[in-house]
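S.K.: Based on the sequences and whatever the hints tell you, model everything.
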Amino acid sequence: MNPKRKKRLLIVLFILSGAGVAVGLTLYALSQNINLFFSPTQIAQGEAPVGTRIRAGGMVVEGSVNRDNKSLRVEFEVTDFQNSVPIVYSGILPDLFREGQGIVAQGELDASGKLQAVEVLAKHDENYMPPEVAEALEKAGKMPKPSGQEFNK
Amino acid sequence: MIPELGTYALVLALCLSVLLSTIPMVGAQRGNLLWISFARPLSIGVFFFTAISFVALTYAFLANDFSVSYVANNSNTALPWYYRMSAVWGGHEGSLLLWVLTLAGWTLAVALKSRDLPADILGRVLGVMGIITTGFLLFVLFTSSPFERLLPRSPAEGADLNPLLQDFGLIVHPPMLYMGYVGFSVAFAFAIAALLSGRLDAAWARWSRPWTNVAWAFLTLGITLGSWWAYYELGWGGWWFWDPVENASLMPWLIGTALVHSLAVTEKRGVFKSWTVLLAIFAFSLSLLGTFLVRSGVLTSVHAFAADPERGFFILMLLLITIGGSLFLYALRASEVKSESSFSLVSRETMLLVNNVLLTVICFTVLLGTLYPLLVDALGMGKISVGPPYFNALSVPVGALLMLFLGVGAVTRWRRQDGTALLKQLVVPFVIAIVLGVLSLMLREGESTLWTYVGVILAFWLLVMAISDISDRVRRRSTPVLANLKRLPRSYYGMQMAHLGVAVLAVGIAMVSAFNEQRDLRMAPGDTQQVGDYTFVFEGARHFDGPNYSSDIATLRVFYKGEPYDVMQPEKRLYTARGTVMTEVALDPGLFRDLYVALGEPLENGAWAIRLQFKPYVRWLWLGGLLMTFGGILAATDPRYRKQSRREQSKLETANA
Chain L
8 MNPKRKKRLL
18 IVLFILSGAG
28 VAVGLTLYAL
38 SQNINLFFSP
48 TQIAQGEAPV
58 GTRIRAGGMV
68 VEGSVNRDNK
78 SLRVEFEVTD
88 FQNSVPIVYS
98 GILPDLFREG
108 QGIVAQGELD
118 ASGKLQAVEV
128 LAKHDENYMP
138 PEVAEALEKA
148 GKMPKPSGQE
158 FNK
Chain A
205 MIPELGTYAL
215 VLALCLSVLL
225 STIPMVGAQR
235 GNLLWISFAR
245 PLSIGVFFFT
255 AISFVALTYA
265 FLANDFSVSY
275 VANNSNTALP
285 WYYRMSAVWG
295 GHEGSLLLWV
305 LTLAGWTLAV
315 ALKSRDLPAD
325 ILGRVLGVMG
335 IITTGFLLFV
345 LFTSSPFERL
355 LPRSPAEGAD
365 LNPLLQDFGL
375 IVHPPMLYMG
385 YVGFSVAFAF
395 AIAALLSGRL
405 DAAWARWSRP
415 WTNVAWAFLT
425 LGITLGSWWA
435 YYELGWGGWW
445 FWDPVENASL
455 MPWLIGTALV
465 HSLAVTEKRG
475 VFKSWTVLLA
485 IFAFSLSLLG
495 TFLVRSGVLT
505 SVHAFAADPE
515 RGFFILMLLL
525 ITIGGSLFLY
535 ALRASEVKSE
545 SSFSLVSRET
555 MLLVNNVLLT
565 VICFTVLLGT
575 LYPLLVDALG
585 MGKISVGPPY
595 FNALSVPVGA
605 LLMLFLGVGA
615 VTRWRRQDGT
625 ALLKQLVVPF
635 VIAIVLGVLS
645 LMLREGESTL
655 WTYVGVILAF
665 WLLVMAISDI
675 SDRVRRRSTP
685 VLANLKRLPR
695 SYYGMQMAHL
705 GVAVLAVGIA
715 MVSAFNEQRD
725 LRMAPGDTQQ
735 VGDYTFVFEG
745 ARHFDGPNYS
755 SDIATLRVFY
765 KGEPYDVMQP
775 EKRLYTARGT
785 VMTEVALDPG
795 LFRDLYVALG
805 EPLENGAWAI
815 RLQFKPYVRW
825 LWLGGLLMTF
835 GGILAATDPR
845 YRKQSRREQS
855 KLETANA
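Chains as they are written, first to last, in my numbering: chain L, 8 to 160; chain A, 205 to 861.
Since the hints were made in silico from the structure, they are not lab data.
All values derive from a computational prediction rather than experimental measurement.
Just to be clear, a hint being listed does not mean it is correct.
What the hints assert, rightly or not - With the Cβ distance kept under 7 Å, some of the chain A side facing chain L (calculated, not the full set):
1) W432
2) V561
3) V565
4) T569
5) L571
6) K587
7) A597
8) L598
9) D724
10) R726
11) G804
12) G810
13) A813
Don't be surprised by glycine CBs; every beta carbon is placed ideally from N, CA and C.
M.R.: Encoded structure:
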């Protein structure tokens with residue numbers, strides 16, 4: 008093998024091994040950081056794993072928001088109008104969190120079936136529904152008609 | 205009347221851009237100079253009519269013409285005039301019009317600034333730009349016209365602009381970002397023109413370089429502004445969320461960064477040519493992909509609008525045609541490309557190759573993490589999301605490796621370098637960097653992780669290498685130091701500045717990630733809280749009525765080591781037109797730390813949920829971005845690009861004479 012070819016081979020090997028390591032690390036990291044979405048019905052039917060980071064979402068049930076009066080702990084329920092899931096969260100809720108609003112929470116289910124949330128997301132457009140929530144509601148046949156349709160076609 | 209004029213102007217612009225995308229291209233193919241010479245006036249015409257249409261829409265906003273559906277959706281009489289103006293690009297339709305205007309603007313700039321280009325190349329470049337413009341004008345006219353009327357039942361009052369967007373950040377962030385996104389179309393057009401004409405040489409790289417640098421600088425600025433805006437406007441105090449839409453802008457930036465470096469090698473050494481072309485194609489394709497992801501509504505994101513699938517389909521088609529067509533052309537022509545020189549293993553070429561490989565690897569992992577949820581959803585395997593730990597796990601170590609090689613690459617010679625001599629040259633700076641990095645973190649209170657050390661040490665590494673390189677260059681001549689400093693080319697200073705920006709950014713990321721302090725609290729009037737050396741005293745909240753909102757303003761007295769320091773007033777606003785609640789944070793910015801106070805929701809008895817944050821070095825993130833931006837612009841405006849093209853022109857003329 009002449010030196011030029013040898014050099015090229017080295018470069019190619021370097022790139023290939025780099026790419027191989029990168030792909031391996033990528034796939035490993037990806038498998039560790041996937042959060043599956045579950046609807047309240049799926050959780051009620053026991054499809055969601057306990058003690059694993061998941062996402063759950065639905066509409067916040069009217070009158071279910073219950074604040075602790077010493078800390079920032081708050082409990083509420085989300086529903087797809089067939090089943091509902093209790094969610095516990097400690098911290099500041101997003102601006103658009105309201106009863107009747109679609110939200111997505113990220114956290115782990117505990118043994119009592121409550122979702123211990125570390126993050127609550129509500130979107131910054133009042134007519135916007137997180138796609139996961141919209142689909143869960145559609146499956147349950149309870150998709151609400153958006154108000155102000157005149158302005159959002 | 206005026207909105208109809210806007211539509212009409214768009215149709216005219218479309219007609220002209222169809223001509224622009226055909227006549228000069230055919231002319232260049234046949235060598236017909238007359239046909240090619242149509243390119244410049246047509247480019248001016250396309251820009252002129254697009255601008256008229258944009259002005260018409262702006263007028264509709266300023267005049268509160270709510271019979272136009274887009275205005276009714278995104279404006280309101282109570283909105284101040286400057287937000288009514290920026291509301292033009294506050295929604296889908298208008299932001300696409302801004303996109304087309306930016307594209308027409310870049311086309312115009314190329315038409316006016318490239319008098320020194322050979323006629324056939326200029327004709328092809330403008331022709332390719334014309335094709336892209338045609339695609340987007342069709343998109344605007346058929347799926348997202350901002351001029352549609354709500355007649356005869358037009359509302360008396362508009363629905364208001366999304367309060368999140370009523371901010372200085374929105375006025376500047378989208379135009380800058382679009383300048384960058386769309387600017388890569390110029391690099392793309394140059395690449396396609398070079399493939400079509402079969403003239404992939406150093407001259408092509410030299411023409412393309414300043415344009416690519418400017419586009420890259422704008423994209424850098426756009427992303428920096430976006431990060432800054434999210435930091436103070438969203439009320440969480442985060443500066444990068446690995447949100448799919450952020451990723452959509454980061455991917456073209458990563459490939460664009462690789463392109464800027466690869467173009468340098470192609471121009472100076474005549475190698476990496478086909479790779480450079482491929483990067484130019486991908487940088488623009490990723491810009492289009494970003495547009496598709498944002499505009500189609502397939503993503504869960506703060507940027508997502510209520511969207512309709514027809515639009516997504518249209519952009520997807522544009523994307524497929526662009527990628528498919530250009531890669532097909534590439535496959536036909538790339539085999540003819542020959543390298544003009546060779547290089548050895550230890551050389552600047554290799555270092556820049558490493559830079560390109562690493563940047564591409566980061567881009568690929570971001571792409572995978574962004575598209576994977578969509579893929580899984582499309583296959584019906586459930587709804588998933590990919591969390592920030594995935595992105596951090598890969599981009600942080602690869603980014604560190606990138607910085608390590610950056611320090612080496614900037615001092616390595618082109619073509620060939622003695623490896624042991626290089627190593628000797630590097631040992632002392634590396635030791636200095638480690639000592640400085642470790643010392644500066646040891647002197648600071650608080651726990652540093654391994655990555656904090658890596659980040660700070662590598663930042664010192666870049667700084668030390670830059671200083672030693674500049675002093676080497678100055679000492680090489682015996683003339684006075686100042687004269688030698690002046691003699692160094694502007695593009696060299698641009699490079700050093702951008703690389704310094706990387707170091708500053710790394711310090712910002714390392715420090716704010718390690719030493720950020722955050723408290724989410726329930727505070728009643730009179731409550732105090734200590735964060736670092738600062739004490740916050742909550743004094744209660746009062747009510748206040750603004751022009752188009754009502755708000756609660758809290759007052760917190762801040763003490764530094766017991767001394768009165770500042771009064772901070774975070775706000776919670778209710779925008780009445782949409783009934784939207786917004787957090788306005790109170791900031792005390794500083795070069796070495798920010799104090800950040802956000803108001804949560806009201807609790808009983810005058811108590812509030814309050815978020816207090818101490819964010820060390822957070823400003824360095826954006827300072828780094830700004831340094832990179834200025835570096836890019838400095839490099840692009842180096843006089844040698846103009847001089848060299850003029851020299852070639854005169855050479856050509858003497859040869860022809």
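S.K.: Identify whether the interface hint at A:V565 stands, where standing means a beta carbon of chain L within less than 7 Å of its own.
M.R.: 5 Å, holds
S.K.: Interface hint check: A:L571, Cβ to nearest Cβ on chain L, cutoff 7 Å. Holds or violated?
M.R.: 10 Å, violated
S.K.: Given A:A813 was flagged as interface, is its beta-carbon under 7 Å from a beta-carbon of chain L?
M.R.: 5 Å, holds
S.K.: For the hint on A:L598, just tell me whether its beta-carbon gets within less than 7 Å of chain L.
M.R.: At 6 Å from the nearest chain L Cβ, A:L598 passes the 7 Å test, so the hint holds.
S.K.: Is the hint on A:K587 kept, meaning its closest Cβ partner in chain L is under 7 Å away?
M.R.: 4 Å, holds
S.K.: The hint names A:R726 as touching chain L; please verify it with the least Cβ-Cβ distance against 7 Å.
M.R.: 5 Å, holds
S.K.: Closer than 7 Å between Cβ atoms is the bar; does A:T569 clear it against chain L? Give me holds or violated.
M.R.: 5 Å, holds
S.K.: Using the nearest Cβ pair, does A:G804 come within less than 7 Å of chain L?
M.R.: Nearest chain L Cβ about 4 Å off; hint holds.
S.K.: With chain L as the partner, please determine if A:D724 meets the hint condition of a C-beta pair closer than 7 Å.
M.R.: 5 Å, holds
S.K.: Could you check if A:V561 really has its C-beta closer than 7 Å to a C-beta on chain L?
M.R.: 6 Å, holds
S.K.: Given A:A597 as an interface hint, is its Cβ closer than 7 Å to any Cβ of chain L?
M.R.: With Cβ-Cβ at 4 Å, under 7 Å, it holds.
S.K.: Measuring from the C-beta of A:W432 to each C-beta in chain L, is the shortest one below 7 Å?
M.R.: Where the cut-off is 7 Å and the nearest Cβ of chain L is about 18 Å from A:W432, the hint is violated.
In terms of the numbered hints stated before, the structure departs from hints 1, 5, 12, listed from lowest to highest.
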